[in-house]
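There are 2 protein chains.
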Amino acid sequence: MTDNRETCLSSERLYEGKMIRVRKDTVQLPNGHQSCREVVEHPGAVAVLAVTQDDRVLLVRQFRYPVGLPLRELPAGKLEPGEDPGLAAIRELREETGYTALNWRKLSTFYTAPGFSDEVMHLYLATDLIEGESDPDDDEFVECESISRDEIVKGLESGLFEDAKTLVGLLLFLRA
Amino acid sequence: MTDNRETCLSSERLYEGKMIRVRKDTVQLPNGHQSCREVVEHPGAVAVLAVTQDDRVLLVRQFRYPVGLPLRELPAGKLEPGEDPGLAAIRELREETGYTALNWRKLSTFYTAPGFSDEVMHLYLATDLIEGESDPDDDEFVECESISRDEIVKGLESGLFEDAKTLVGLLLFLRA
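These protein sequences, in sequence, are chains A and B. Quick note, the first sequence lines up with residues 235 to 410 if you use the numbering used here. Quick note, the second sequence lines up with residues 235 to 410 if you use the numbering used here.
Hints were generated in silico from the structure; no laboratory data involved. Careful, some of the hints might be misleading.
To be verified - Every beta carbon over 10 Å from chain A, so not counted as near; a handful from chain B, in silico:
#1 K312
#2 D318
#3 E329
#4 T334
#5 P348
#6 D384
What the hints assert, rightly or not - No more than 25 Å apart at the CA atoms, straight line, and that leaves these computed lysine-lysine pairs for DSS-like:
#7 A:K258 / A:K340
#8 A:K340 / B:K388
#9 A:K258 / B:K312
#10 B:K258 / A:K312
#11 A:K252 / B:K258
What the hints assert, rightly or not - If you anchor each label on the Cβ, the simulated ranges turn out as follows:
#12 B:D289 / A:E317: 38 to 44 Å
#13 B:E379 / A:K340: 26 to 32 Å
#14 B:D362 / A:K388: 37 to 43 Å
#15 B:R409 / A:Q262: 37 to 43 Å
#16 B:D289 / A:K340: 39 to 45 Å
#17 B:T334 / A:E250: 42 to 48 Å
#18 B:T334 / A:G266: 27 to 33 Å
#19 A:G316 / B:T343: 32 to 38 Å
Remember, it's a predicted structure, so these values are computed and weren't measured experimentally. All C-beta atoms in this analysis are idealised placements derived from N, C-alpha and C, irrespective of residue type, glycine included.
Just need the whole structure built from these sequences, with the hints factored in.
Here is the structure:
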């Protein structure tokens with residue numbers, strides 16, 4: 235495979251925010267032409283496929299402001315600066331669901347939107363769960379529920395799951 | 235399920251770009267507190283799971299500047315202003331691979347990164363393919379290949395596929 239790399243010629247910082255940073259780069263294309271690339275820099279995120287002893291998957295429901303809807307998702311969250319993804323996964327599962335897990339395994343790492351963002355998602359499998367008290371941030375409003383294998387199959391057909399990481403995690407679960 | 239809606243109090247436009255627009259909103263949370271939400275507005279995109287008569291899936295390889303790597307992906311692209319997603323899928327498949335398809339079916343619609351963006355991905359299944367000449371944009375460098383069911387299974391284990399829409403599409407393919 236040829237690389238067809240695009241080379242940065244100059245970079246303009248457009249926004250430095252709380253969660254994201256935005257820049258616009260002028261790049262040289264493989265054919266020598268110049269073009270612009272808009273890039274949303276993101277710290278990266280983790281998601282957790284947490285499976286109970288009776289083969290149910292934990293989901294969280296929360297309002298997602300960018301899309302204006304409440305979504306059913308795998309427990310997930312962004313990395314804190316310098317945070318190890320595995321430790322972030324443990325933290326997010328506990329904060330959002332109250333559960334801790336005795337067994338952790340990395341399932342997949344993928345880019346969520348490589349056309350305009352560098353966000354990378356680290357997806358973990360958590361099993362041997364121990365129930366506890368959830369500990370959301372003061373300004374976080376998350377409801378935890380669980381769903382059976384059959385309900386997942388039906389939910390995939392009816393469009394119940396509306397975001398990419400949740401679809402990836404649940405589809406991987408159904409292969410196991 | 236409670237809605238836990240967040241209400242926009244004010245909105246600041248930060249960037250109007252070629253592909254994305256960025257805004258920062260001040261919102262009221264369900265508990266009455268105020269917070270900020272950074273939102274990357276995106277026109278939406280389409281991806282195509284194109285399956286040949288001999289059960290192979292078409293992939294395209296292209297350099298993705300935001301992540302600094304060439305990726306193997308389902309044929310995909312963003313919507314033009316006002317464009318119908320189904321017609322965009324037909325267009326992108328032809329531009330990137332040269333193929334047209336006699337059979338089209340919507341497989342899934344999902345948000346790629348609902349924590350910070352409204353990008354919605356429309357995923358289509360295309361079958362009864364007819365080979366033709368690809369017609370990439372002047373400044374687009376895409377190589378088409380195809381992959382068998384066995385290679386997809388192995389590739390999932392080895393981390394060959396590195397973006398969310400491609401994982402969703404290939405995992406749905408393996409269920410069929």
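Handout entry: Assertion that B:D318 lies farther than 10 Å from chain A (Cβ)
Key = 19 Å, holds
Practice task
Assess, step by step, whether the Cα of A:K258 is no farther than 25 Å from the Cα of A:K340, and give holds or violated.
Solution key: Given pair A:K258, A:K340 is violated - Cα atoms ~33 Å apart, limit 25 Å.
Handout entry: Status of the given 26 to 32 Å range, CB of A:K340 versus CB of B:E379
Key = Check passed, 27 Å falls within 26 to 32 Å.
Exercise for the section: With respect to the beta-carbon atoms only, verify the hint that B:D362 and A:K388 lie 37 to 43 Å apart. Expected result: The hinted range 37 to 43 Å is violated for B:D362 and A:K388, with Cβ atoms some 29 Å apart.
Practice task
Determine whether the non-interface label on B:E329 survives the test: each CB of chain A must be over 10 Å from its CB.
Solution key: 15 Å, holds
Practice task
Given the hint of 42 to 48 Å, check if B:T334 and A:E250 actually sit that far apart at their C-beta atoms.
Solution key: 45 Å, holds
Exercise for the section: Given the hint of 27 to 33 Å, check if B:T334 and A:G266 actually sit that far apart at their C-beta atoms. Expected result: Given about 31 Å between the Cβ atoms, the range holds.
Practice task
Would you mind confirming whether the straight-line C-alpha gap from A:K258 to B:K312 stays at or under 25 Å?
Solution key: Holds, at roughly 18 Å.
Practice task
Evaluate the condition: distance from the CB of B:P348 to the nearest CB of chain A exceeds 10 Å.
Solution key: About 4 Å separates B:P348 from the closest Cβ of chain A, which leaves it inside 10 Å; violated.
Problem - 25 Å Cα cutoff - pair B:K258, A:K312 - result: Holds, at about 18 Å.
Practice task
Compare the distance between the alpha carbons of A:K252 and B:K258 with 25 Å, and conclude whether the hinted pair is satisfied.
Solution key: Between A:K252 and B:K258 the Cα gap is close to 10 Å, so the pair holds against 25 Å.
Problem - CB-CB spacing for A:Q262 and B:R409 relative to the 37 to 43 Å hint - result: 42 Å, holds
The structure shown violates the earlier hints numbered 1, 5, 7, 14, 16.
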